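Taking the hints into account, I'd like the entire structure generated from these sequences.
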Amino acid sequence: MSVTSSTHRTAEEIGRTARGPRPVPELGEQRAAADLSHVDTVLANGLRVLAVRKATVPLVEVRLWIPFAGDDELHPATAEVLAETLLTGTAKRDRVAIDTELALIGGEIGVGVDPERLSISGNALASGLPTLLDVFADTLTGASYVDTEVARESERLVERLAVARTQPRTIAREALQKHRYGSHPATREVPHAEDIVKVTPEGVRALHTASVLPRGATMVIVGDIDPDKVIGDLERVLGGWAGDGSAKVLAPLPELAGGDVLFVPRPGAVQSQIRLSAQTVPRTDPRYAALQVTNFVFGGYFSSRLVENIREDKGYTYGAHSGFEFTGSSAVVNVDADTASDVTAAALLETRYEFGRLGLVPPTESEVESARQYAIGSLVTSTASQTGLAGQLTALASTGLGFDWVAAHPERLAAVTVDDVAQAALDFFAPGRFTGVVVGDAELLGPKLTALGGVTVGEPS
Amino acid sequence: MAAPDLTRYTLDNGLRVVLAPDPTAPVVGVSVHYDVGFRSEPEGRTGFAHLFEHLMFQGSESLEKLAHFRYVQSSGGTFNGSTHPDYTDYFEVLPAAALERALFLEADRMRAPKLTAENLANQIDVVKEEIRLNVLNRPYGGFPWILLPPVLYKTFPNAHNGYGDFTDLEQASLEDCAAFFDTYYAPANAVVTVAGDFTVDRARELIERHFGDVPARPKPPRPSFAEPLPAGELRGEHLDPHAPLPALAVGYRMPDPINDLDGYLANLVLGGVLGDGDGARLQQRLVHREPLVTDLGAGAGLFGPFEARDPDVFTITAIHTPEVEPDRILGALDEELEKLAAAPPDEQELARVTARWAAGLHSEHDRLVSRTLAFGSFELLYDDPALVATLADRIAAVTSDDVVAAAKALRPDSRAVLVVKPEQEGK
Chain A
1 MSVTSSTHRT AEEIGRTARG PRPVPELGEQ RAAADLSHVD TVLANGLRVL AVRKATVPLV
61 EVRLWIPFAG DDELHPATAE VLAETLLTGT AKRDRVAIDT ELALIGGEIG VGVDPERLSI
121 SGNALASGLP TLLDVFADTL TGASYVDTEV ARESERLVER LAVARTQPRT IAREALQKHR
181 YGSHPATREV PHAEDIVKVT PEGVRALHTA SVLPRGATMV IVGDIDPDKV IGDLERVLGG
241 WAGDGSAKVL APLPELAGGD VLFVPRPGAV QSQIRLSAQT VPRTDPRYAA LQVTNFVFGG
301 YFSSRLVENI REDKGYTYGA HSGFEFTGSS AVVNVDADTA SDVTAAALLE TRYEFGRLGL
361 VPPTESEVES ARQYAIGSLV TSTASQTGLA GQLTALASTG LGFDWVAAHP ERLAAVTVDD
421 VAQAALDFFA PGRFTGVVVG DAELLGPKLT ALGGVTVGEP S
Chain B
462 MAAPDLTRYT LDNGLRVVLA PDPTAPVVGV SVHYDVGFRS EPEGRTGFAH LFEHLMFQGS
522 ESLEKLAHFR YVQSSGGTFN GSTHPDYTDY FEVLPAAALE RALFLEADRM RAPKLTAENL
582 ANQIDVVKEE IRLNVLNRPY GGFPWILLPP VLYKTFPNAH NGYGDFTDLE QASLEDCAAF
642 FDTYYAPANA VVTVAGDFTV DRARELIERH FGDVPARPKP PRPSFAEPLP AGELRGEHLD
702 PHAPLPALAV GYRMPDPIND LDGYLANLVL GGVLGDGDGA RLQQRLVHRE PLVTDLGAGA
762 GLFGPFEARD PDVFTITAIH TPEVEPDRIL GALDEELEKL AAAPPDEQEL ARVTARWAAG
822 LHSEHDRLVS RTLAFGSFEL LYDDPALVAT LADRIAAVTS DDVVAAAKAL RPDSRAVLVV
882 KPEQEGK
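Just so you know, the protein sequences line up as chains A and B, in that order. So that you can map any letter, position 366 of the first sequence is 366 in this note's numbering, and since no number is skipped, the others follow by simple counting. To convert a position in the second sequence, counted from 1, into this note's numbering, add 461.
Hints listed in this document are in silico derivations from the structure and should not be mistaken for laboratory results. Only a predicted model underlies this, so the values are computations on that prediction, with no experimental measurement involved. Where is the CB? At the ideal position from N, CA and C, for every residue including glycine. A few of these clues could be false.
Stretches of chain B that chain A covers, calculated by requiring three or more beta carbons in the stretch to come under 8 Å of a beta carbon on chain A [as the list claims (entries may be wrong)]:
hint, stretch
1, 532-546
2, 585-592
3, 635-641
4, 711-719
5, 750-762
6, 843-857
Printed below as a string of structure tokens:
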């Protein structure tokens, strides 16, 4: 190449030195993470609050999760409009005033909704916590959903949904949800544009009154704070946030049964999405730690059997991944890969082979040890930042767990044996336990997938 | 931000070292930045810098293929690498007990990476899948980072696609890899950074032990990528086979990020005044008041600020409905920029932006991976990792006049306008 130096070594010369290969250093002594002072309590209005002092930087993270299920036909659309307009005004502040007050404390608040919950996440300079909590309280108790804001945000939502529905991952997720769970409310993750236009400001206000409730919800606060003082502040600031009954919990998902993979045609796709799924157990199950290690060995991290096979050996995919999805008190494992059309069937074959192999040629001592260390280490590194810890705690809190679970989990992982992993592989990763979808170009994929077997062609019912 | 406790020095082979101890959590971050990015790729080899980044994970003299990943992850750590316009970085975050192992892994591939034809072929396939995933098979793929530069710039280094064309990627040879490594991956062209839970003495000893005998090679001359400002408004159009709505990107050249840092920071503040939050000027007018666009963004850099030398780009991007002509959006944008001169941002409007920057910088500092990478890239680009800690104050010192001047420099007669049209309009 022209810009490189005129003389250089060959690739072979570059790859060796006179001294030869060197031994990889052993690991040193690991210090435990410092204990963090924390409070886990329930306010008078029924809101559970988990407050942790982590003063690494002068910031604070606030995450609020409110169970937010609904059976109504228009619920997903109304909930989405509510999420988009929650911060567009109250009796005290309009949209711009809310943004300005937050900006002046270096803060922001984001709102999201899915079939299970409404999530409101905020952060700010720690000195701005009183303002941040005041904005939370003001919107929770007094969001006004004025007609013009609801109209404009609905319009934008229709436009954004059009964009979302062209994303291959959204298309594949929707197909998987319908194929797994039929018409269960959990499948209605992305509302339809024709429903959004039916949403009225009255409907949004009614949903707020009926469902934005503290009882059964969880707030996590992590940062440069005094946990005890924060609890007192919250009792005062959020005292006016009340309501009848408890926040609405999503109906339990049906147990997933294995079955044919559904092939969903997407004409002209240059890449296909493989999405497979099987029932597992949640974090509260005594087998969870072993299951977690087993999943890492299968496809949960880069040094896994699946990634080493279909990416590093065969080059079928940029990323293959296997991970848990927790809904209420249930859990499934999802296995994902995006692959070029001409190798999709082969990638599905290899994935099924690895499912079988995991049970029949169970993980070795060294595979288990590697996955165990990764599980422990990644928990330590991911909870080293305020945002990481807040995210971890928020996920745990939805199943009633808390800070103590994080602290004790390394011990549970340390106790997992090779036999536990072999058992979990047989119990949870057997090929027949999986169902799923493949989305891709029918002309290129159809004949090969049909020949492979265990694949049905069609649109999800 | 409190001044970090930094130690900087250079090994005999020219390798620069930045140490940033901080014992608040028992974890360490290790990174190596090489002073070569996709702007240095030769013609006919688009995407090569990124492809080569992939190859650096494929083994070295002491480590078989896959061993790098296995050692990092079985130590409880995570890893990655990324290719930028002007540099390429590699990094690990691990429990502190694995510090020496991480340094060993980085040193082994700096000294003697195993570049083989088989791994090259495999990683060409993987990179093609990465491009299908991130560009070809999704709406707005490569918008605007791949699509805007060829409209704004004339010279190959600035204008070409850093992900690469498939035909170029397929042409890459082992010979190219050897030449690229020997030229650009010299220790004198790199920075190693360690941040987190360790002592300086111990880290110095380990770095000397593992990197000390990486043979010195000359530091390659760094070419200038400078080119003149656009002499008019440049227009480009792209048909997107997946996008449901049209999109627009406007690119302006901005002050030299390195040699005119304060001018550059004024542009960052301007980006906030225009685009950050519901109270920002363009958000208020274009998204809510008129409204002309669905979503809007304004800011510096193809991937964000502080990651390129001159020339760098200030971008405004928007997604909008087909009923709105791009010229209406451009007209409103130009009006708002002119209004800035007549009604400059007041103290509160500036405070909005600077407080969010301060919080954002703290948050970045709290995540070990971004803290490590920031010290490394600021050493590489600015020769001053401590600058990271002073950014919030320097941003807070930007005046209303500075922002007005920055706005005036965003001239309609010297910019690039990229129009993205849905290929299947109406579907």
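The hints, checked one at a time:
1. Counting residues of the stretch 532-546 of chain B whose beta carbon lies closer than 8 Å to any beta carbon of chain A gives 8, which meets the minimum of three for the stated coverage.
2. With a threshold of 8 Å between beta carbons, the proposed coverage of the stretch 585-592 of chain B by chain A holds, since 7 of its residues qualify and at least three are required.
3. Coverage of the stretch 635-641 of chain B by chain A holds in this model, with 7 residues showing a Cβ closer than 8 Å to a Cβ of that chain against a need of three.
4. Remark: the stretch 711-719 of chain B is not confirmed as covered by chain A, as 0 of its residues place a Cβ nearer than 8 Å to a Cβ of that chain, below the required three.
5. Coverage of the stretch 750-762 of chain B by chain A holds [criterion: at least 3 residues with CB-CB distance below 8 Å; count 3].
6. A count of 0 residues in the stretch 843-857 of chain B with a Cβ less than 8 Å from any Cβ of chain A is obtained; the coverage claim is therefore unmet, three being the minimum.
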